[in-house]
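Chain A is fixed; fit chain B onto it per the hints.
One letter stands for each residue in the lines below.
2 protein chains.
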Amino acid sequence: MIEPIGNQYIVARPVYSANAFAEDHKKKLRYHKTFLDNLKVCCSCSTQKAKRIALSLFPIASWLPAYRIKEWLLSDIVSGISTGLVAVLQGLAFALLVSIPPSYGLYAAFFPVITYFFLGTSKHISVGPFPVLSMMVGAVVLRLVPTTSTMSLDIFNSSMSNDSSTDEYKVMVAATVTVLSGIIQLVMGVLQFGFVVIYLSESLISGFTTAAAIHVLVSQLKFILQLQVPAHTDPFSIFKTVIATGVSYGFDFKNRFNVAVVGKMQSGFQPPITPDIQIFQDTIGDSFGIAIVGFAVAFSVASVYSLKYDYPIDGNQELIALGVSNIFGGSFRGFAASTSLSRSGVQESTGGKTQIAGLLSAIIVLIVIVAIGFLLEPLQKSVLAALALGNLKGMLMQFAEIGRLWRKDKYDCLIWIMTFIFAIVLGLGLGLAASVAFQLLTIVFRTQFPKCSILANVGRSNIYKNKKDYSDMYEPEGVKIFRCPSPIYFANIQFFKQKLTDAVGFNPLRILRKRNKALKKIRKLQKKGLLQVTPKGFICTIDGFKDSEDELDSHQIEELDQPINLADLPFQIDWNADLPVNIVVPKISLHSLILDFSAVSFLDISSMRGLKKILQEFMRIKVDVYIVGTDDDFIEKLVQCEFFDDEVKDSIFFLTIHDAILQILMKKDDSTSKFNSSQGKDAKFDFTINTNGGLRNRECQVPVETKF
Amino acid sequence: MIEPIGNQYIVARPVYSANAFAEDHKKKLRYHKTFLDNLKVCCSCSTQKAKRIALSLFPIASWLPAYRIKEWLLSDIVSGISTGLVAVLQGLAFALLVSIPPSYGLYAAFFPVITYFFLGTSKHISVGPFPVLSMMVGAVVLRLVPTTSTMSLDIFNSSMSNDSSTDEYKVMVAATVTVLSGIIQLVMGVLQFGFVVIYLSESLISGFTTAAAIHVLVSQLKFILQLQVPAHTDPFSIFKTVIATGVSYGFDFKNRFNVAVVGKMQSGFQPPITPDIQIFQDTIGDSFGIAIVGFAVAFSVASVYSLKYDYPIDGNQELIALGVSNIFGGSFRGFAASTSLSRSGVQESTGGKTQIAGLLSAIIVLIVIVAIGFLLEPLQKSVLAALALGNLKGMLMQFAEIGRLWRKDKYDCLIWIMTFIFAIVLGLGLGLAASVAFQLLTIVFRTQFPKCSILANVGRSNIYKNKKDYSDMYEPEGVKIFRCPSPIYFANIQFFKQKLTDAVGFNPLRILRKRNKALKKIRKLQKKGLLQVTPKGFICTIDGFKDSEDELDSHQIEELDQPINLADLPFQIDWNADLPVNIVVPKISLHSLILDFSAVSFLDISSMRGLKKILQEFMRIKVDVYIVGTDDDFIEKLVQCEFFDDEVKDSIFFLTIHDAILQILMKKDDSTSKFNSSQGKDAKFDFTINTNGGLRNRECQVPVETKF
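Going down the list, the protein sequences come from chains A and B. This note's numbering puts the first residue of the first sequence at 1, with every later residue one more than the last. This note's numbering puts the first residue of the second sequence at 1, with every later residue one more than the last.
Treat the hints with care, since some could be wrong.
Have a look at the derived ranges for each label pair, beta carbon to beta carbon [unchecked claim]:
1. B:P14 - A:F506: 31 to 41 angstroms
2. B:A400 - A:F399: 48 to 58 angstroms
3. A:R404 - B:R523: 33 to 43 angstroms
4. A:F374 - B:Q498: 44 to 54 angstroms
5. B:I77 - A:R609: 35 to 45 angstroms
6. A:C43 - B:P14: 50 to 60 angstroms
7. A:I421 - B:C45: 23 to 33 angstroms
8. A:E377 - B:K521: 52 to 62 angstroms
9. B:T501 - A:S651: 35 to 45 angstroms
10. B:L566 - A:F269: 56 to 66 angstroms
11. A:E477 - B:L566: 57 to 67 angstroms
12. A:L64 - B:K521: 29 to 39 angstroms
13. A:H32 - B:T672: 39 to 49 angstroms
14. A:I69 - B:L430: 57 to 67 angstroms
Listed below are the simulated DSSO-like cross-link pairs for lysine-lysine, each with C-alpha atoms no more than 30 angstroms apart in a straight line [unchecked claim]:
15. B:K499 - B:K622
16. A:K668 - A:K467
17. A:K521 - B:K308
18. B:K521 - A:K308
19. A:K497 - B:K308
20. B:K497 - A:K40
21. B:K26 - A:K499
22. B:K451 - A:K649
23. A:K499 - B:K33
24. B:K408 - A:K637
25. A:K524 - B:K70
26. A:K499 - B:K408
27. B:K28 - A:K499
28. A:K499 - A:K613
29. A:K408 - B:K26
30. A:K613 - B:K451
31. A:K410 - B:K33
32. A:K27 - B:K467
33. A:K308 - B:K497
34. A:K649 - A:K467
35. A:K27 - B:K468
36. B:K649 - A:K410
37. B:K622 - A:K308
38. B:K497 - A:K49
39. B:K637 - A:K468
40. A:K668 - A:K499
These are computed hints drawn from the structure, not numbers from a lab. No residue lacks a Cβ here, since even glycine has one placed at the ideal position from N, Cα and C.
Bound-form chain A, shown alone (with noise of 0.2 angstroms):
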């Protein structure tokens, strides 16, 4: 039992490195599933599992039985009838984004609809168009099918031309360019891929669907401001109330527009295309940009209304219900479709409870492309226009974003800025990839440069905080605590060593080197003879000491690496001492270094080696490294890795910083009590030596070694 003992954090316990712990609490054998175990879950087969995964190709068998007609059929009917005419009207406006003729808009609201309604997962949003893949798709044309107007994007005049051929082949680019996405996203749903939409974050979304709202400005731009030159018919009012009566009841903001020309409306429908393959090749880049973001934003709205309702839906199964819907959709000459956030909107806020009120959707849409479409010819092109534009200001207000991120999080700022500059510049399909690439980047980023920091003791208790934080901190001499708080892997190993060096104030591997050819000498000077060693310490007599700074070759250099090797010596040697006047060693008071882990997620094999190299370097200049905070598994991996060894011993691991730090204090106190045991008083001794002219057989005493 715990027990606060009045209102006191009290505790007890004996001090623990890791393996002093693992000795007292045994750890239970756990069987720990491989790779191989992983594969073979995936792997198996049986007939439940198949019946299964069956079932989940088509969700329409699960809810369809389930269907309360009393309670929504209703809702569901008012819903659709809703939705139905939003989406005419979405369909020919985003048709212009695609800078096809309007009727196949209504093509793009109806085919994808049906089969969604058998596959999708989702109860909630509308299929069919939506503006930033209309205009994907729409710069997919542009760039296949030059217009004979130097304006690319005047879409007024493209349909004065009277090449209907180029609208024919136009549309069958279009059509291609959808069946390709649908491959696309029907393969990747069929891999399991969905996944991949976890790495589009919301500053990336935000950012990448206002460049898009741009590209529609500026496409639409021109196209509005011709509306002045050419005088057409004057506003239908009828179809005013009533479409400003279904629009503003499912939008939020208010439209009002003037009635014109939209042209021929295609009546009936018309033969499925087959795809031209060449069209395929060229467009693939593009296609897979139009097959994820119709996919992220399909599902990013089905999450949303998944979450409010709580029913469940499956990213992989919304791919393939996309796929083919796409597939489907393009082959009858229908373009890219998703979701667009204002329909499902009206579909859901009206009543909608399931797919049916989209089926009912579908066949308002039907009815119009079959009996009633002709009664939209005279739709002005710039209602449409003003449509899409208007589905926009959502997407133009998230520029108010960049403020308030730039003061949140530097990071996300940045991502979203990016991301706008390059779905601009680059355009959206490449845009999307290398905003993707960046943001995954920043991730990087955020732990390549930790804020590493030393730690000092606050309250003389077990706290440990920024010793540039606190006044009255206690830091036990010669001890440093020194703090990463970030993984460290290949890009921050050397960021980390040159921290860790900053905070000690010394470079470890020249002390060592220098140490080594201090080393040198000193045998030297012991195989002239010149030195003695007494009970006391020793005696030197020399006459004009030279030291010869002689080059050191390859081999030489290296060996100054290695520990320093006392073994053939009748003494020990107190760097910290003076020693003979031209042999110059820095002191260093540091005797213990404490690494703080904690955050430390993980090593890679780069920094493993840096990190093994860092440790042997401290303990060979005879500093001890402590490593605390780390879990039982970061240790396990270590083993795993053959990171120890006679020198880089397991031992040095400890629980927490406390117990690192009384661990040293009960070193000290032992090595003061062997000490002071064995030797005397006098501790300490001093290294003279002869100097040309100066006194001769001075007795010179060199100290014995001792750490504090």
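What follows is chain B alone, placed relative to chain A:
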């Protein structure tokens, strides 16, 4: 002072939340440098700074005046001559990889060294051709200059062709690509982009150079196999001995080769070329790859020696030096130069002290170019091919690393394998880009699926470990401690949420919604007067209570997510006791949740949003949440991002798990004592209700809200 007391860890202090600690120990006010401050420092001008920059551009101005002629000159001369001989042969050999006549290799071994002498910072590397780089240039040459032979890598045949203008053009292409790479390197150096080399980890370089070695092997194999066909002159045993001596001295492996025909050697120099802009455009991607690889290899070799001999090198200055060298060398028809590991090894181990050795090696090459080149004409190409191949042995041995890496770190192994595959399949330039992207992705992967765990107390002190690992663990009743050992950001916030939900065993949002639904029904009962309050509880009389399952609309559903508001009710509700028969709410035993965030290095905007939502959901079902182990910086960041509000306060942060546990226990004690004093013994009541056909006016009591 901290004292170890009898080898024990003994601590007695107050229980500290972050706020309580801040009250006891005031933080010092520190000025944090803002982004603008850093910018000002970077952009500040002064004559001193200008002078420093000018000097650093010409390192020779620093080391040449300090040159110790007596000690160093002789070793430099010896080294220069040895290296020169090796450079000649390697230049000829690597020119074959570029698919150009061998004599141009001498230009590549000569010109770059001259400029590097003035601009480079490394004292030991030997600048000149490098097999991998030559391969990359050769790939570009072969792509732009289709040969008549069907075997596109058939170097032997191409030299036999009478089309010397093809050779001319090939040389032009190689030289142009070299100049472009040089320009890219120079620009990168000036823009201080030298840091990109950090992103080439050891595993990546290992996999990449192995793939490059395979490329070389494949290209040379055809050539070697054809060796049988033409018969040529016998070994030039003099050469064999001279070369065998020089080469086997430099290389670790011995090459025996027969000498035969190299072909016409250009004597003297040729006028510089004018780069073709069209080639620039066609090869920009490859040139980037060549620039980066060339720099990376040169820099890593230079780093090894700079570390060994303890002198600083500057990555950006190296870029400038290599860039100028390549521009210079390319202009005079050399091809891309970097450094060869073996040749640098020769220069260093034969005693090279400075780039004087390099300069002398260039003079040797010069002698061959202008005077004795004809001597090498009988040199057989297979010899050179063998030389190139022999150089690769070390690289091919790297295959052994796969097994080693797999055992140690699966991610590093994956980086090696994917780099290898990318470089083989996509070619060296594009393969490098793809590998770096993949490698950075692994850093994201490592943090994306952290091994979350539930902790519990071991040994009844202040140590908390993974509950699965030890027997005899203590977990206070109704408390869960959840640890996430990795940063939380947009790509893993959903994963974190899922793991947390699995750990506590229920979905807090679902519980909240059910409670709110239940509350609605209780309110209805209350309004209908079917529930009455008494001092002990209350009585309810219900005749045929029917729970009507009304469909909730969109807004009503949103209301279910709000905090449970009992203000208007005259009683409290204990959700863990029995409720009216038709009202079912899952009971949860959890009352406190501790999140161990000691290894969560950072949160981003997306994860902050997600985390806040999670905290709200738990708090609204009366589960207290505590977050422990965070830095002061962490909390400040949350404040800056407006994370806290009336519901989620900064009082939930505690210093350690043990502090939080003690706080929970103290709260429980307080609560129990308060309750006992005000209520008397019987704290719990039952909630029963009339059912149809059951008892009437049966006493129903609603329990008062208690926490434990």
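Now for the hints, and whether the structure bears them out:
no., hint, result
1, B:P14 - A:F506: 31 to 41 angstroms, "holds, 38 angstroms"
2, B:A400 - A:F399: 48 to 58 angstroms, "holds, 55 angstroms"
3, A:R404 - B:R523: 33 to 43 angstroms, "holds, 39 angstroms"
4, A:F374 - B:Q498: 44 to 54 angstroms, "holds, 53 angstroms"
5, B:I77 - A:R609: 35 to 45 angstroms, "holds, 37 angstroms"
6, A:C43 - B:P14: 50 to 60 angstroms, "holds, 56 angstroms"
7, A:I421 - B:C45: 23 to 33 angstroms, "holds, 29 angstroms"
8, A:E377 - B:K521: 52 to 62 angstroms, "holds, 55 angstroms"
9, B:T501 - A:S651: 35 to 45 angstroms, "holds, 40 angstroms"
10, B:L566 - A:F269: 56 to 66 angstroms, "holds, 59 angstroms"
11, A:E477 - B:L566: 57 to 67 angstroms, "holds, 59 angstroms"
12, A:L64 - B:K521: 29 to 39 angstroms, "holds, 30 angstroms"
13, A:H32 - B:T672: 39 to 49 angstroms, "holds, 42 angstroms"
14, A:I69 - B:L430: 57 to 67 angstroms, "holds, 58 angstroms"
15, B:K499 - B:K622, "holds, 20 angstroms"
16, A:K668 - A:K467, "holds, 23 angstroms"
17, A:K521 - B:K308, "holds, 21 angstroms"
18, B:K521 - A:K308, "holds, 21 angstroms"
19, A:K497 - B:K308, "holds, 16 angstroms"
20, B:K497 - A:K40, "holds, 27 angstroms"
21, B:K26 - A:K499, "holds, 27 angstroms"
22, B:K451 - A:K649, "holds, 26 angstroms"
23, A:K499 - B:K33, "holds, 18 angstroms"
24, B:K408 - A:K637, "holds, 8 angstroms"
25, A:K524 - B:K70, "holds, 25 angstroms"
26, A:K499 - B:K408, "holds, 27 angstroms"
27, B:K28 - A:K499, "holds, 23 angstroms"
28, A:K499 - A:K613, "holds, 15 angstroms"
29, A:K408 - B:K26, "holds, 25 angstroms"
30, A:K613 - B:K451, "holds, 28 angstroms"
31, A:K410 - B:K33, "holds, 15 angstroms"
32, A:K27 - B:K467, "holds, 10 angstroms"
33, A:K308 - B:K497, "holds, 16 angstroms"
34, A:K649 - A:K467, "holds, 29 angstroms"
35, A:K27 - B:K468, "holds, 9 angstroms"
36, B:K649 - A:K410, "holds, 24 angstroms"
37, B:K622 - A:K308, "holds, 21 angstroms"
38, B:K497 - A:K49, "holds, 27 angstroms"
39, B:K637 - A:K468, "holds, 18 angstroms"
40, A:K668 - A:K499, "holds, 27 angstroms"
Against the hints set out earlier in the document, no violation occurs for any number.
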